[in-house]
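A.B. asks: Listed below, chain by chain, are the residues.
2 protein chains.
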Amino acid sequence: MSKWDTNRADKTSRMTAAAPFARGKLVEAADATSLLHAVIRPGDRVCLEGDNQKQADLLAKALAAADKGILHDLHMVQSGVVLPAHLDVFERGIATHLDFAYSGPQAQRTAQMLYAGKIALGAVHTYLELFARYFVDLTPHVALIAAVYADRHGNLYTGANTEDTPTVVEATAFKNGIVVAQVDRIVDSLPRVDIPGDQVDFVVEAGRPFYVEPLFTRDPAAITESQILTAMLAIKGIYARYGVTRLNHGIGFNTAAIELLLPTFGERLGLKHRIATHWALNPHPTLIPAIESGWVKQIHSFGSEVGMDEYIRARPDVFFTGSDGSLRSNRAFCQTAGLYACDMFIGSTLQIDLNGNSSTVTANRIAGFGGAPNMGSDATGRRHPSEAWLRAGSEADTDSSPMLRRGRKLVVQIGETFGDKNLPLFVENLDAIDLGEKLRLPLAPVMIYGDDVTHIVTEEGIANLLLCRNADEREQAIRGVAGYTDVGRARDKKKVEELRSRGVIQRPDDIGIAVLDADRRLLAARSIQDLVRWSGGLYQPPSRFRNW
Amino acid sequence: MSKWDTNRADKTSRMTAAAPFARGKLVEAADATSLLHAVIRPGDRVCLEGDNQKQADLLAKALAAADKGILHDLHMVQSGVVLPAHLDVFERGIATHLDFAYSGPQAQRTAQMLYAGKIALGAVHTYLELFARYFVDLTPHVALIAAVYADRHGNLYTGANTEDTPTVVEATAFKNGIVVAQVDRIVDSLPRVDIPGDQVDFVVEAGRPFYVEPLFTRDPAAITESQILTAMLAIKGIYARYGVTRLNHGIGFNTAAIELLLPTFGERLGLKHRIATHWALNPHPTLIPAIESGWVKQIHSFGSEVGMDEYIRARPDVFFTGSDGSLRSNRAFCQTAGLYACDMFIGSTLQIDLNGNSSTVTANRIAGFGGAPNMGSDATGRRHPSEAWLRAGSEADTDSSPMLRRGRKLVVQIGETFGDKNLPLFVENLDAIDLGEKLRLPLAPVMIYGDDVTHIVTEEGIANLLLCRNADEREQAIRGVAGYTDVGRARDKKKVEELRSRGVIQRPDDIGIAVLDADRRLLAARSIQDLVRWSGGLYQPPSRFRNW
Numbered sequence: 001m002s003k004w005d006t007n008r009a010d011k012t013s014r015m016t017a018a019a020p021f022a023r024g025k026l027v028e029a030a031d032a033t034s035l036l037h038a039v040i041r042p043g044d045r046v047c048l049e050g051d052n053q054k055q056a057d058l059l060a061k062a063l064a065a066a067d068k069g070i071l072h073d074l075h076m077v078q079s080g081v082v083l084p085a086h087l088d089v090f091e092r093g094i095a096t097h098l099d100f101a102y103s104g105p106q107a108q109r110t111a112q113m114l115y116a117g118k119i120a121l122g123a124v125h126t127y128l129e130l131f132a133r134y135f136v137d138l139t140p141h142v143a144l145i146a147a148v149y150a151d152r153h154g155n156l157y158t159g160a161n162t163e164d165t166p167t168v169v170e171a172t173a174f175k176n177g178i179v180v181a182q183v184d185r186i187v188d189s190l191p192r193v194d195i196p197g198d199q200v201d202f203v204v205e206a207g208r209p210f211y212v213e214p215l216f217t218r219d220p221a222a223i224t225e226s227q228i229l230t231a232m233l234a235i236k237g238i239y240a241r242y243g244v245t246r247l248n249h250g251i252g253f254n255t256a257a258i259e260l261l262l263p264t265f266g267e268r269l270g271l272k273h274r275i276a277t278h279w280a281l282n283p284h285p286t287l288i289p290a291i292e293s294g295w296v297k298q299i300h301s302f303g304s305e306v307g308m309d310e311y312i313r314a315r316p317d318v319f320f321t322g323s324d325g326s327l328r329s330n331r332a333f334c335q336t337a338g339l340y341a342c343d344m345f346i347g348s349t350l351q352i353d354l355n356g357n358s359s360t361v362t363a364n365r366i367a368g369f370g371g372a373p374n375m376g377s378d379a380t381g382r383r384h385p386s387e388a389w390l391r392a393g394s395e396a397d398t399d400s401s402p403m404l405r406r407g408r409k410l411v412v413q414i415g416e417t418f419g420d421k422n423l424p425l426f427v428e429n430l431d432a433i434d435l436g437e438k439l440r441l442p443l444a445p446v447m448i449y450g451d452d453v454t455h456i457v458t459e460e461g462i463a464n465l466l467l468c469r470n471a472d473e474r475e476q477a478i479r480g481v482a483g484y485t486d487v488g489r490a491r492d493k494k495k496v497e498e499l500r501s502r503g504v505i506q507r508p509d510d511i512g513i514a515v516l517d518a519d520r521r522l523l524a525a526r527s528i529q530d531l532v533r534w535s536g537g538l539y540q541p542p543s544r545f546r547n548w
Numbered sequence: 001m002s003k004w005d006t007n008r009a010d011k012t013s014r015m016t017a018a019a020p021f022a023r024g025k026l027v028e029a030a031d032a033t034s035l036l037h038a039v040i041r042p043g044d045r046v047c048l049e050g051d052n053q054k055q056a057d058l059l060a061k062a063l064a065a066a067d068k069g070i071l072h073d074l075h076m077v078q079s080g081v082v083l084p085a086h087l088d089v090f091e092r093g094i095a096t097h098l099d100f101a102y103s104g105p106q107a108q109r110t111a112q113m114l115y116a117g118k119i120a121l122g123a124v125h126t127y128l129e130l131f132a133r134y135f136v137d138l139t140p141h142v143a144l145i146a147a148v149y150a151d152r153h154g155n156l157y158t159g160a161n162t163e164d165t166p167t168v169v170e171a172t173a174f175k176n177g178i179v180v181a182q183v184d185r186i187v188d189s190l191p192r193v194d195i196p197g198d199q200v201d202f203v204v205e206a207g208r209p210f211y212v213e214p215l216f217t218r219d220p221a222a223i224t225e226s227q228i229l230t231a232m233l234a235i236k237g238i239y240a241r242y243g244v245t246r247l248n249h250g251i252g253f254n255t256a257a258i259e260l261l262l263p264t265f266g267e268r269l270g271l272k273h274r275i276a277t278h279w280a281l282n283p284h285p286t287l288i289p290a291i292e293s294g295w296v297k298q299i300h301s302f303g304s305e306v307g308m309d310e311y312i313r314a315r316p317d318v319f320f321t322g323s324d325g326s327l328r329s330n331r332a333f334c335q336t337a338g339l340y341a342c343d344m345f346i347g348s349t350l351q352i353d354l355n356g357n358s359s360t361v362t363a364n365r366i367a368g369f370g371g372a373p374n375m376g377s378d379a380t381g382r383r384h385p386s387e388a389w390l391r392a393g394s395e396a397d398t399d400s401s402p403m404l405r406r407g408r409k410l411v412v413q414i415g416e417t418f419g420d421k422n423l424p425l426f427v428e429n430l431d432a433i434d435l436g437e438k439l440r441l442p443l444a445p446v447m448i449y450g451d452d453v454t455h456i457v458t459e460e461g462i463a464n465l466l467l468c469r470n471a472d473e474r475e476q477a478i479r480g481v482a483g484y485t486d487v488g489r490a491r492d493k494k495k496v497e498e499l500r501s502r503g504v505i506q507r508p509d510d511i512g513i514a515v516l517d518a519d520r521r522l523l524a525a526r527s528i529q530d531l532v533r534w535s536g537g538l539y540q541p542p543s544r545f546r547n548w
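Heads up: the protein sequence lines correspond to chains A and B, in order. The opening position of the first sequence corresponds to residue 1 in this note's numbering, with each subsequent residue numbered one higher. The opening position of the second sequence corresponds to residue 1 in this note's numbering, with each subsequent residue numbered one higher.
Next comes chain A alone, as it looks inside the complex (with noise of 0.2 Å):
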C-alpha cells in the first residue's frame, strides 16, 4: 500500500470483515446488520437510496437497527428522507450529519429532529445538486441500494424504477467505495442488466420487492372546477401563446387538470402537435387521454410510477424501455433534461410571497426541494434557441439587441388563490424565513425564487411577470392574481387596472375564456376508473386509488 490508495487498502479490509457474512457477494438478509457493521467504519458518508418513489427499505431497517457502538456519526448523504428509518438512524444516534434532497411524508419529524439538535443539516438541495456533489465533496463512503433482480455476479437489473441507482452506484464504485444492493431475488439470468455487477460488492435477497411510493398519481375525481379553469388560462395564455413543445410538470391537481384537457380543451383550440409534445415527466397517468389520443411523442422519466408497468410496456414508441420491455427511467438524466431541453416547468407550491419566490416549507415541516428549484431555474448556460424561449426572453428583455439577447425558461406557478385547508396561497412573508431563522439556516428554504419565475396562475387570471418593469409593477401583477387572500385584497387597483391593459395581468375575459366553462365535463377522463378505460385495461391502479 503506498500513501496513495489508502481507500483502496481500506476497502479491502472492510471486505475482508465483511467475508464472514457473504457467500461470494450474496448476503442473507438476516445477516444485513452485521454485514453493514463490516462495511461501513464511524465518520463515513453513506448514501441511503431513497428518493420520492423508490426506498432500499430492507437496508434502510438494517442500519437503523445497527449497534451504536459500533456504527455511529455517519453523513447520510441521500436524495431522500422518508421512511422512519431514515430519522430511527439519527434518533439513535447511529447517523449525525445529513444533506438531502426531498423529505415527504418526513417533513415534519425532520424539522423536529433539527430543533432537538438531533440532525446537524449540512444542506437541502435540489436531486442534480446533490447527485453532483456526490462527486466532488459528498462522495459516498458506502452505497445501500435497491434493485429488482440480481443474479450470482452481482449484476442488477432495477426495471422500471431505475430512478438514481446508476448515478449513486458510480459515485460510489469509482471511488473504492462499497456498494450493497437489496435486491427481490437472486436470478439465474437478468431480464436486463443495468448495473454492471464489477460496480456491486454485496446482494442482500430480501424475498419482496424495494417500496415504491405511488406519489405520481392524481384521482382525476378530486378535480375542482377551479383547477379547470387555471389549466385552461395555462393552455390558452402560456402553452399556446409560446408553442411550448417541451416541458415538465410538477405533482398537482392543477397540472393533472392541463393533463387530462389536453385532448378536450386543446383538442378544440387545434393545439395538437403544436404544444407539450415532448415530455420529461413521470409516468403520470393522468396523461394517458393525452398519450393515446396521440398528443404525446416522447417522454422521459425520472421514475416509474405504481400501476403504469403493462401500460409503459405496450407504448415503446412513447416511454424510453429496455431490451426486456419495461421502463429505463433515470433520474440524473432527466432532471438534466428538465434543465436544460425543456422551454418550461410548471408546478404548485404552497406560499407565493410579494417577489413571487415560493415555498412549501411551511412552519413546522422541512419538506426539501426534490426537483423544482432545478427544472424551475433559469439555465442561463443553455445556448440552443427554441420558438417558446426567444418569445420569453424578448418580453422580458427589450433592450438588448436581438444578437446578445438570450431567451428565458417558463416557469409557472400554479394554483388556487386559497389552496388546500383553505390556507392562502399569496403571503406577505414565507414562513420558510421564520423556519429558516429558527433553525439558523444560512438561507430561507426558498423552492423557487421569484427572479426566475415568469407567469403566476390562479383562477383570477395570469400575471406574466415577464412583462414587469420594477419590483412595483412585479408586486403589483402578483397582487393582481391573488383574488381575495390579504395580498391580494391590498392591491392597488388603479396599477393592477393599467397593468391589465398592458396584458401583465390576464383575466379568464380577456383571453376568451368563460368561467362558466370550466366545467368537469371538459376532463378527458373522471376518475380512476375512466383511466383505466382509456388505458384498454393496462394502467392497473394501487388499491387505494380503487373504489370499483
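Please note: incorrect hints may appear among the correct ones.
As the list claims (entries may be wrong) - Below 25 Å or equal to it, Euclidean Cα-Cα: the simulated DSS-like pairs (lysine-lysine) are: (1) B:3 x A:272; (2) A:25 x A:61; (3) B:297 x B:272; (4) A:297 x B:11.
What the hints assert, rightly or not - Rough simulated footprint, nothing fancy, chain B against chain A, three-plus residues with beta-carbon under 8 Å: (5) 168–178; (6) 319–332; (7) 371–381; (8) 444–455.
Unchecked claim - In silico negatives: residues of chain B with every beta carbon more than 10 Å from chain A: (9) 28; (10) 91; (11) 184; (12) 205; (13) 246; (14) 267; (15) 316; (16) 467; (17) 470; (18) 537.
Keep in mind that the hints were calculated from the coordinates and are not lab data. Source: prediction; values computed, not measured. Every residue gets a Cβ at the ideal spot worked out from N, C-alpha and C, and that includes glycine.
Knowing the structure of chain A, use the given hints to seat chain B on it.
C.D. replies: Frame of chain A, contents of chain B only:
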C-alpha cells in the same frame, strides 16, 4: 406490431438487414460501411461519438464513405465536429442537419460549410445541454460509439476515456435505437464492464485504439511571466479571498500557471488545504506538482488525458478509478459537478466586450462552446451554501435580506490584454455578432454572457464585476483592466480611480503583489520533463511534447 411499437418494429427490420454483415454482434472493419447502410435510414438522427478528446474515428470514416444514394439527409447530433470525416459526411451529401457542441480544428471549415449552405445548423450547444436534448427531442436513432475492448456478448470496456459513451448509449439503446461500437480488440474477458452488452447491437473490431487528442496538456516552458502575474492575482485576489475549494479550470496557459503556482506561491501564502481541494477537471499534467504536494483531495474528470494513465492508476485516492485500476471519466456527471457542485469556473477566451460577454468565435471560425457555458453559468437552482458562494452573493446583492439572498458562482475570465497573435482581448463588439448575422443565426454564438461573469483578471489587475452597481460601472471596470487595448485606452480615468478606491478594480500593488516577483522560477515545473520528474516517471507525455 401495434401502432405503438413502430420504432421497435423498425429496429427489427434494420437488424435483419444488417444480419449478413455480422456474426452475432461482431462485424469486420471492412464491412463497417455496409453495416451502416443497413442500420441507418435516410433522415435519421445519428450520433457519431466524438468530443474534444476521444473519437469514434473508424466509424466516422465508414459513414463518410457511405453511398449517398442509400444514406442521405442525416441529422448529425454529436458533441464534437473535430475530424475531417465529420465534415466529409456533409460535403458528400450524406448528412444535411447538424446539432453539436464543440469544434476545434474544424472550426474554420465548419464556418465555410455553413456559409456555403452545405450544413443546416440546428444550434451550437454546451455539452450537457446537448446530452439533455438526447433524452427529449434529439434522441439518436443510431449511435456510433468508441470503446477499448468488447467481449463476445457486446459488453464494452471504455477504460480511462469513458467520457460521453454511457450517456449516448443510454439515450439511444433505451429508445429502440441501434448502437454500433468500434473497439480496439475483442477479448474473452473485460477488465471491467463500462457498458452492458444488452445496450450494444454491433461491435466492429478496429485492430487499433480509437483516436484521442491530448487537448489538456500545456508545456510549462511556454508559460510567460505575464501569465504568471495573472495567476498570482487570481490565487491571492480570488481563490484566497473567497476560500474557493471546489472548482473547475478551463484549459489554457493562464490556468496552467495557477496549477503550477499552488505548491510555490500558494504554499507561501498558507493556502494549502484552504483552497483548490476538490476538482471537476480532466487530468491536467500541470496539476501533478500540486497533487504530489498534497494540495488535491479529489478530482472527477470529463475524460482522460493522453499519457496520464499510469499516473492516475497510481493515485486512486485522488482520481475516480474502476476495479481494474484505470480512470472512470464521465462527461455528463463531471459537467453536472461543474454546474452545481463547484464554486468557481475560471477560463480564458479570445474576446471580451464592454458588457463582459465573451466568445472564442472569430470572424471565420465557429469554434463551438464545449463545457464553458454550462460551468461558466450561475446555477440559480443551486440551494446548498458554501463560504465562497455566499460571499460572492453578498458582494453582488446588498439589498435583499440575507435569508433570501442566494450566493453566486464565481465565473472568472483570465488572460493578457493582448493575447494570441497580439490581438486585443477586449473589443467594442464581439466578432460573434458579425458571424451570427452573416449566418443568420437567431443568436450570436456568445460563450459566456457578461451577466454570468464575476471577475476579469489581466496583467493590469482584477475587475470585480460583483461590486459594480450599474452598466456604466461595469464598463469602466472592464476598461480599467484592459491595458493598452483601444478599449483600455478609452477608459474614464477618474471613474476607474474611483472604482479602484472602492476595490472594484484591484491592481497587483493593491493586494500586495509585486509585478517583478512574477518570475518563471515560481513555477513548480518549468518543462514537460519537470512534470515527468514530479510524477516519478509515471506521466508519459506524447512524443510531440518531448524534446529530450
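A.B. asks: Now, for every hint given, state plainly whether the structure supports it.
C.D. replies: Results for each hint:
Proximity of residue 3 of chain B to residue 272 of chain A is assessed by CA-CA distance (about 18 Å); at most 25 Å being required, the pair is judged to hold. A distance of roughly 20 Å separates the Cα atoms of residue 25 of chain A and residue 61 of chain A; the hinted pair therefore holds under the 25 Å criterion. For the proposed pair residue 297 of chain B and residue 272 of chain B, the alpha carbon gap of about 11 Å is at most 25 Å, so the pair holds. Of the supplied pair hints, the one linking residue 297 of chain A and residue 11 of chain B holds, its CA atoms being roughly 18 Å apart against a limit of 25 Å.
Coverage of the stretch 168–178 of chain A by chain B holds in this model, with 6 residues showing a Cβ closer than 8 Å to a Cβ of that chain against a need of three. Counting residues of the stretch 319–332 of chain A whose CB lies closer than 8 Å to any CB of chain B gives 7, which reaches the minimum of 3, so the coverage claim holds. Beta-carbon proximity to chain B at under 8 Å applies to 9 residues in the stretch 371–381 of chain A; the threshold of 3 is reached and the given coverage holds. Closer than 8 Å: that is the beta-carbon criterion, and the stretch 444–455 of chain A has 6 residues meeting it against chain B, so the requirement of 3 holds.
Distance to chain A confirms residue 28 of chain B as a non-interface residue, since its nearest Cβ pair spans about 24 Å, more than 10 Å. Under the 10 Å C-beta cut-off, the non-interface status given to residue 91 of chain B relative to chain A holds; the minimum distance is some 24 Å. Distance check for residue 184 of chain B against chain A: the nearest CB is about 19 Å away, which clears 10 Å, and the non-interface claim stands. With 10 Å as the threshold on Cβ separation, the claim that residue 205 of chain B sits away from chain A holds: the shortest Cβ distance comes to roughly 21 Å.
Consistency note on residue 246 of chain B: stated as away from chain A, yet its beta-carbon is not over 10 Å from all of that chain's, at 5 Å minimum. Look at residue 267 of chain B: its CB is around 19 Å from the nearest CB on chain A, clear of 10 Å, so calling it non-interface holds up. Not every C-beta of chain A lies more than 10 Å from that of residue 316 of chain B, the closest at about 5 Å, which undercuts listing it as non-interface. Every CB of chain A lies more than 10 Å from the CB of residue 467 of chain B, the least distance being 20 Å, so the non-interface label holds.
With a minimum CB-CB distance of about 13 Å to chain A, residue 470 of chain B clears the 10 Å threshold, and the non-interface call stands. Non-interface status of residue 537 of chain B relative to chain A is upheld: no Cβ of that chain comes within 10 Å, the nearest being about 14 Å off.
The structure does not agree with the numbered hints 13 and 15 stated previously, though it agrees with the rest.
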